[in-house]
Amino acid sequence: MARERLDILIDRMPPIPLAIVQTFVETCPEVSVVADDVGAAELSDTVAAVLPDVIILGNADALGSDADIARLLGPPEVHRRIVTLFGPDRIARLHEWRHSMTVVEDLSAAALRAAILGGGDG
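The numbering of the sequence shown is my numbering, which starts it at 314 and goes up by one.
Some clues are possibly wrong.
Beta-carbon label-pair distances, calculated as ranges [stated by the list, open to error]:
#: 1; residue 1: A380; residue 2: P342; range: 31 to 39 Å
#: 2; residue 1: L364; residue 2: E409; range: 30 to 38 Å
#: 3; residue 1: L430; residue 2: A361; range: 31 to 39 Å
#: 4; residue 1: L331; residue 2: E390; range: 30 to 38 Å
#: 5; residue 1: D381; residue 2: D349; range: 13 to 21 Å
#: 6; residue 1: E317; residue 2: G400; range: 31 to 39 Å
#: 7; residue 1: T340; residue 2: D402; range: 16 to 24 Å
#: 8; residue 1: E343; residue 2: D402; range: 32 to 40 Å
#: 9; residue 1: D379; residue 2: A332; range: 15 to 23 Å
#: 10; residue 1: D349; residue 2: H392; range: 20 to 28 Å
Everything labelled a hint here was simulated from the structure, so no lab data went into it.
Backbone N, C-alpha and C define an ideal beta-carbon position, used for all residues, glycine too.
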């Protein structure tokens, strides 16, 4: 399952600070950021267009309703890793994608690297 590069889409809305994103990208030559800093309204179209391997999502409330997030994530059978700060209630409601999700509480470049490249708890 080794890949040369992973295509990553980053929702840079709070609480994902720019400095953490920059540090993460600079310390991970194996990732390729295909889109970042995309507005919530354009995220689902961007995901559909660039087909990222990994989606990093920050603030669930800013992303809209459960239906909005489900549309953003695409069909559950499309295997992509989702690294998220979503709380347990939102995760429970998005249970169809749970197998792909890694929840991070300590948001740092190291936490993102571990979640994406080190497996995580998903």
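Hint-by-hint comparison with the structure:
no. : hint                      : verdict
1   : A380 <-> P342: 31 to 39 Å : holds, 37 Å
2   : L364 <-> E409: 30 to 38 Å : violated, 19 Å
3   : L430 <-> A361: 31 to 39 Å : violated, 25 Å
4   : L331 <-> E390: 30 to 38 Å : holds, 33 Å
5   : D381 <-> D349: 13 to 21 Å : holds, 19 Å
6   : E317 <-> G400: 31 to 39 Å : holds, 34 Å
7   : T340 <-> D402: 16 to 24 Å : violated, 32 Å
8   : E343 <-> D402: 32 to 40 Å : holds, 33 Å
9   : D379 <-> A332: 15 to 23 Å : violated, 30 Å
10  : D349 <-> H392: 20 to 28 Å : holds, 22 Å
In this structure, the hints that do not hold are numbers 2, 3, 7, 9, in rising order.
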